[in-house]
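2 protein chains.
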Amino acid sequence: MPGEPVTVSRRDLLSLIGTISGSAAMYHAMTALGFAADSGYRGPIKLEGDAKGASVLILGAGLAGMTAALELRKAGYSVQILEFNSRPGGRNWTLRGGDSFTELGGAKQTCEFDDGLYLNPGPWRIPYHHRALLDYCKRLNVALEPFLQLNHNALLHASSAFGGTPQRIRDIKTDFQGQVSELLAKVTQQGKLDEAVTKEDREILLQALRAWGALDRDYAYKANLISADMRGFAKNPGGGLTAVPVPGEPIALSEILHSQLWRYLQNFARYQFQTTMFQPVGGMDMIGKAFAKEVGDLIRYDAKVTAIAQDDRGVTVTWTDLKSPATPQQAKADWCVCTIPLSILSQLAINVGARMKAAIDAVPYSASVKIGLQFKRRFWEEDEAIYGGISYTDLPIRQIAYPNSGFNRAGKGVLLGAYLFDGANAFEFTAMPPAERVARAVEFGARLHPQYASEFENGIAVAWHRMPFTLGCAGDWSDATRAKHYNDLCQIDGRIVLAGEHASYIPAWQEGAILSSLDAIGRLHERVVKT
Amino acid sequence: MPGEPVTVSRRDLLSLIGTISGSAAMYHAMTALGFAADSGYRGPIKLEGDAKGASVLILGAGLAGMTAALELRKAGYSVQILEFNSRPGGRNWTLRGGDSFTELGGAKQTCEFDDGLYLNPGPWRIPYHHRALLDYCKRLNVALEPFLQLNHNALLHASSAFGGTPQRIRDIKTDFQGQVSELLAKVTQQGKLDEAVTKEDREILLQALRAWGALDRDYAYKANLISADMRGFAKNPGGGLTAVPVPGEPIALSEILHSQLWRYLQNFARYQFQTTMFQPVGGMDMIGKAFAKEVGDLIRYDAKVTAIAQDDRGVTVTWTDLKSPATPQQAKADWCVCTIPLSILSQLAINVGARMKAAIDAVPYSASVKIGLQFKRRFWEEDEAIYGGISYTDLPIRQIAYPNSGFNRAGKGVLLGAYLFDGANAFEFTAMPPAERVARAVEFGARLHPQYASEFENGIAVAWHRMPFTLGCAGDWSDATRAKHYNDLCQIDGRIVLAGEHASYIPAWQEGAILSSLDAIGRLHERVVKT
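Those protein sequences? They're chains A and B, same order as listed. The first sequence runs 15 to 545 under the numbering used here. The second sequence runs 15 to 545 under the numbering used here.
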């Protein structure tokens, strides 16, 4: 009755707030009520209720497909998977010595890396907030090690600045932050912030800027031991009688601004790239292999899907065995979870409704090229003290990424010598023969690391638009396309539901594939249980 | 003759510049000439010339002593080492289950950690620019893995701010940077920077602040997908039909300023703590053990030095075997490299000149306490997605550091539950019995991690002022003391030269110990060769 206290669970309360005020209000309330709200993933999916012996045909043995297979079989479904490649994982893929593949156009590459060296041509890093992927890694015993995104001693390079000489990230980062702090401290002292900041806050702000910006007692940023404590020294402190440190000379703000090198600084703080990131020990495909250890018995490899048909009673998929393609084959099931990339699915006969078909056709796939280069020695560590992380350049190669394992050892090493995405250069490199891609990566990379000339041994180049199983890197949603088509793409259409990174708000990430799959099979199961 | 070009080597030119203009000018010139100038270490020391069968007695088998032993034996010296402990390494030390030690006052602790878990009570991280230490790790086959200093998802905690609720580092860091950028962008637009920055630079500065500070098109920092891209979300983007992300609400600048949490932000950028840092796989003492594999045959353990005497012909060191202390013993050699901490050396009889003796007596040793805590599960990873790195608090424990290995695995884990240094709290904890130190660390830590209450199993506490072999953590030089005594400390006095972190400009770091040792033996060898 009115006035009497009502006991309501936090979950019910949140649901009520969500209904009344929308999701933003709900999630702010969640935080206030002490929920760790930032991931939608709440631990292993629970598919409760009777699957009634239903069968599910899964198309694609990437992470989305194998997640669905693992969970649906556990829930009592009869499951089979058709996979185009001869291996599990899809874009979850690692190239090692002896591996070979053929791209569209017929060029075949065989990887010549030495034992223990590898390239992850697809996904290569795992953010700490990709809770679903991390949970599967835990459940499937995939060992992880840190992936280093930000290495303060790696390089920033602009062709037309500093005479083409690469700069250390730590110098650009510290000098930009220091001089921005100095400017703001000056106007604060000059009373120019008096409208925006209270007097009390101004005093603390000055202290904070001094600490954060490495300013001296007069709020100046200059060559001294204070700035050196952040940016490093011209000569490091040492031992014995040769020990006195010498600070280096900061780079003027104007030079940094005109160099455009400040553009790269945000990469080091982005949520997607923040510490702590991970990579599986030994290569990203350790995850795909771990999944396949669970569901490999369900996978039919070398199976190229050519048509997907459904009626009231079930789904029929036509496919050919790539090893004996003469005779088309058919697979049937009550339901279908299709994880085929939209770039390929849009070319197949599939009888879904007009809205889902329009969604399938609406999403272009982004271009991406990754090039792995093997060198005789880890000169980036030995000569330049660059251990892991990424150097950035405005050259077409965009990035040089250093290996995040095997640190400080003698012997050979493999760099990611180019990571092109979006834009004209990615298409330009895709159009080149593989050997030319590698040669260009070596040529450009030598402008950051002259050692390339004498140390290079061999390379391999994956241009995603030429990979027959994806025809692109990942679904490239615009805001407008998403607003128009995303929900249609994700609906269950009759007996078919789509899953994969393309059916998520985290395109190109493995987490998107898994969360999309869990969401799809959760709804599918609900439908099965109810019918 | 005048006007004619002169060929001069770069090295000679540098030497000339150094002589004329001093070291700062020389090092700036070095950089200009393309030298990678920032470390004084130039690869393995070359002790050329005849050692003439001379003998060297080394006091202490820490990294300084073992470096000297390794290099001097290689150069032809007859070497022996006296070491107080029953193990090599000195402060290079790792505690594992079953290890025990007794501190001053008689309290004995035995480590109860499970297999595979450990605490590094002394040094625990290696900067990428500690070139000498890294070179020895390489030569001695010590495997390294990343040490994570900055974890964006770890915590910042101020007892009196935010109702005592810890904040995520990524929130404080992003919100501070964003609002500082917003303030500077505003005054830039208002024309208040017109004196300090050219018109052209102002335009670029605005672009840079927008990118760096995650500002919107109007240069405002607020809750939206732009700031969320740096600070994270109230609800992360997901997959399928439950995928729409919800940005979180930034923390107001005034709140951040008053919380004082900005004080911790500089720790993440300091040269000493920048990426990429390392730790040896399996514990810091892997380095000491690797050295001992080379020079262990030269070490006499359990040897407590009581007096150091020298005359024109050699050095005589009196010592007692701690396992049969009744009979003092003597060791003699032509030369002595003494790495005994000054805290202990200042209490021994040693006949060096007045200036070196004054230097030995001038340096206090810093206080430090490290406490390791074992928990039933890695709740910081499982519940809070904190993988490695450090949380900071204004409570006496100062830091909670999470293990940088064994990520994402089920099972137990050991935290560094307190790292106290300098200041009253370090002395206060040193004065407590070990069990009370551990209990207090658990009590304080629970304010950041309530899971402590149910998950804690056992702990161990090393208070460095009570460790009989150092009586403190490291040499605590002031600028004034260094100006007065440092050079006297490092001179060769007759037949004795000192080495160790205390004889360096990098106190408390292993690199300081090694560089000091290399500098000392280089000069010693020069003297031997010349005489």
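One or more hints might be untrue.
No distinction is drawn between identical chains; accordingly, a pair holds when it is met within one copy or between any pair of copies.
[Unchecked claim] Calculated lysine to any residue pairs in the SDA-like style (CA-CA distance at most 20 Å, straight line):
{"no.": "1", "residue 1": "K236", "residue 2": "K426"}
{"no.": "2", "residue 1": "K200", "residue 2": "S268"}
{"no.": "3", "residue 1": "K236", "residue 2": "R284"}
{"no.": "4", "residue 1": "K498", "residue 2": "D375"}
{"no.": "5", "residue 1": "K88", "residue 2": "A323"}
By construction, these hints were calculated from the structure, which means they are not laboratory data.
Okay, the hints, checked on the actual structure:
In this assembly of identical chains, K236 and K426 lie within 20 Å of each other by CA distance neither inside one copy nor across copies; the values are 40 Å within and 47 Å between. Taking CA atoms no more than 20 Å apart as the test, K200 paired with S268 passes in both settings, with 17 Å inside one copy and 19 Å between copies. For the identical chains of this complex, K236 and R284 are inter-copy neighbours only, at 16 Å across copies versus 28 Å inside a copy, given an alpha-carbon limit of 20 Å. With identical chains, the CA atoms of K498 and D375 are at most 20 Å apart within one copy only, with a shortest distance of 12 Å there and 78 Å across copies.
Taking the closest pair of Cα atoms, K88 and A323 never come within 20 Å of each other, the shortest separation being 26 Å inside a single copy and 78 Å across copies.
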